[in-house]
Amino acid sequence: MHLSHLIAVAVVVAHTSATSNSTIKGDLNGWYPCADSDEGSSSQDAECAVYNAPLCYPSICEAPKSANPKVDIFFKRIPATTGDPEMAPNVWLLQGGPGDSSSGLEANMITLHSQLEGAVNVYTMDHRGTGRSTRLDCVAAQATTTGSPWGSELDPSEVPACAQDLHNKYGDLASFSVTTAATDLATFISTYTNGVNTTVYGVSYGTILVEWLMSLAPPEVTGYVFDGVAASSGAL
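Numbering-wise, the sequence shown is residues -18 to -1, 1 to 218 according to mature numbering (1 follows the signal peptide of the UniProt record, and there is no 0).
Derived from the structure by calculation, the hints contain no laboratory data.
These numbers come from a predicted model, not from an experiment.
Heads up, the beta-carbon is just placed ideally off N, CA and C, and yes, glycines get one too.
Be careful, since some hints might not be right.
Okay, the calculated beta carbon distance ranges per label pair [stated by the list, open to error]:
#1 Q146 / A101: 46 to 56 Å
#2 L155 / E68: 31 to 41 Å
#3 H149 / E68: 34 to 44 Å
#4 D119 / P40: 47 to 57 Å
#5 S96 / H149: 42 to 52 Å
#6 P142 / A17: 34 to 44 Å
#7 P201 / I42: 19 to 29 Å
#8 G79 / A156: 17 to 27 Å
#9 M196 / E99: 37 to 47 Å
#10 P40 / A17: 29 to 39 Å
#11 S197 / D9: 19 to 29 Å
I would like the entire structure built from these sequences, with the hints used as guidance.
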């Protein structure tokens, strides 16, 4: 994320304000002190949590009886240090790829938090299927192991076995679609954040996730920022 993009996010946040509406629910495991960056930072200024989300949301897909009905969604935040975090605006940074972990945005989270003088809560998440969330991994087919023909890379010849492995484990893979991920985010914002005005920034594939979040229209979100817009044509 370039400095100009960080400034754009800061401008959007500066124009928002609201009141607090904090809620605690049983499907959130957190928040725990954690490193603000996975890339060698010793600071424990961040907080991490895992949301135990439904594998399938109604009208998107139906989980097979054989599947685990829940998946883990990883979240990280740097709480506001100026004033009360329960009253501070929120900014979300969403990674692209598709398939990249949000760890690549953690340095940007630190920079943005500093540029806004600690007056906001800065959040990120790992899209289901990626990073520190429940991963789409072909364990039975061993398609991405070091012993497979292409190691950790997925060769086209391995796709049929991998797809069958994932289908047997999860059923309808719409459970890992952008629609489902946007529902994760909308649900989390409405249930587990403070209810104060929220700005959501997406980069590359993350802009598709932001676009789908807009269609869900969570009332807490008052600003959207698109950086390197990706086309959503054909997205599920």
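Taking the hints in turn, this is what the structure says about them:
For Q146 and A101, the Cβ-Cβ distance of about 50 Å falls inside the hinted range of 46 to 56 Å, so the restraint holds. For the hinted restraint 31 to 41 Å between L155 and E68, the CB-CB distance of approximately 38 Å keeps it satisfied. In this structure the hint that H149 and E68 lie 34 to 44 Å apart at CB holds, the actual value being about 43 Å. About 26 Å separates the C-beta atoms of D119 and P40, a value inconsistent with the hinted range of 47 to 57 Å.
Roughly 45 Å separates the CB atoms of S96 and H149, a value that falls within the hinted 42 to 52 Å. For P142 and A17, the Cβ-Cβ distance of about 39 Å falls inside the hinted range of 34 to 44 Å, so the restraint holds. Take P201 and I42: their Cβ atoms lie about 21 Å apart, and the range 19 to 29 Å holds. In this structure the supplied range 17 to 27 Å holds for G79 paired with A156, their Cβ-Cβ distance being about 18 Å.
Distance hint check: the CB atoms of M196 and E99 are about 28 Å apart, inconsistent with the given range 37 to 47 Å. For the pair P40 and A17, the beta carbons lie near 36 Å from each other, so the given range of 29 to 39 Å is met. Distance hint for S197 and D9: a CB-CB separation of about 23 Å, consistent with the stated range 19 to 29 Å.
The structure does not agree with the numbered hints 4, 9 stated previously, though it agrees with the rest.
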